[in-house]
Amino acid sequence: VFLFSSPNYSYFYSIEVGSQGNTFVAFSALATESDQDMEIYLASDSSGEFVSKRLTDDDKEQWEPEVKVDNDDMAHLAYSEYNYSEETMQLRYGWLAEGKFFSEEITDRTAYDFIGIDMVLSEDGVLHVFYPDDSFYLSHAYASVHQKANWSTERIDEIFGIMPSAVNDAQDKLHVTYITEEEDVYDTMFIHYVANENGVWKNEFVVEKGEPEYILVEGPSIALDTRVIPHIVWAYPTIVDNEYCYDIHYSVKTDIGWFSEKVTDTPYENEMPGTGHFFVIDTQDYGHLVYSAEDDYGVYQVYYAKSKHPLTVAEHPVVAKPFYLDIRGSTMNFSLPNASSIRLDLFDACGRSVCCIASGIYAAGEHSIPINQAELPAGVYFVQGEIAGRSASAKFVLTK
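For this note's numbering, count along the sequence shown from 1 and bump the result up by 87.
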C-alpha cells in the first residue's frame, strides 16, 4: 500500500494496529526538495484507505517517531526533536485531538544521535518512553495520558545503553532490551534485558559479542510469548573473505539463563533486521520476523520469516537442566544436577574482564563461592558462567 512520496528520502518508521482494527504508521520525511528538516507524518486507514497527515511544520528536525494507539483509537507519539538555532535536543510527546496535533516536551536530556527510542502504552493509560539521555545512559520517562505535561524521568541503570525495545504484559510489567557498549569503543557489544518488578529494575546480561572490531550489533527487538517469557532478536556480523556479513540471532530467557541461536546462517549474504519492533510473537507462540537481505545485483529485498514451531521454552532441551546461578550479598551461588566442569568470570559494566572467580570440576549439589568485593570499586558487575557447556549470567551492584 502506497503511503507517501518524498522528493528525497524518508526513514524512521513505526506501526501500530488499534483495538478497532485500524492501522497507524508514523514516519519522518522531507516534505519538499528545498526542505532541510525532517518532519513527522502519520498515516492511517481509519477512513477506509490510507491517508497521510503532516503533523509538524517548523524549522526544527524531528525523527524516530514511535506511535501507540489507545482504546479510543487516539494516536500518541514520542519522537526526537533538534532545534538548530538553539542547538538543543528534546524528547517530545505528541497527540491528535479534534484533527489537530499538539505536542509537549518530555525532557531535554537526550543523546545527540539516532540511537533509538521506544514507547509503551499501559492498560491504565500510562505512557512509558525509553531513550538514551545526554550521557548515553538508558532512561525512562512516564506520565498518564490524562495528566499531560507532568512527566517523571529516571535512569534505569548507570550503564551506557542505546536502541531500546520495550513491551508490557497483561499485568503492565515492563520488559526492555537494549544494547550496551564501552563508550567510544565498539569492539565489545552487549545485549541486556531489564524488567520492572515492584518499582525496581532487574537487569540481566543476555549475550556478548566481541568481534569483529568496530561493528555494531543491530536491533534488538523484544516480544513476549503467552507464558510472558521474553524473546529477543538482533543481528550481528561475522567476517567472511574480509567482508562483514550480518546474520539474524535469537535469544530466549530460560530458568538457567539465556539460550541463543542463529535464525539465519548465510556466510556470503548480509541480512539486517528492521528498526523498532521487527519481531513479534502471536497468540499461538509462533515468531514473526521482518528483515532485509542484499541480492546478487546489490538490491536489498525485504523478507518475512515465521518460526517452524511455537517459540516455547519447552522446545529447548537446555531448559531441562535444573541448575541455577545467582548472587546473594558477596557470595556466588550455583547448583549442579551432576558433577560438571565450570568457569565463572567477573566483568565490569563496560564488559572488561576483572577476574576468574572459579574454574574446575565441581560435584553435584549446591555450591557457594565468595566474591572478594573489598578491592572492587563501586559499580555494576556481571558474572558470566560456563557450566557443563551451558552459559548463565548474574548481576550485582556494589555500593560503597
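Hints are computed from structural coordinates only; laboratory data are not their basis.
Treat the numbers as computed from the prediction; the structure is a model and nothing was measured.
Heads up, some of the hints might be wrong.
Capping the alpha-carbon separation at 30 Å, the derived lysine-lysine pairs in BS3-like fashion look like this [said to hold, decoys possible]:
1. K482 with K395
2. K289 with K482
3. K187 with K140
4. K340 with K395
5. K393 with K349
6. K340 with K289
Hints that the structure is at odds with (numbers, increasing): Failing hint: just 1.
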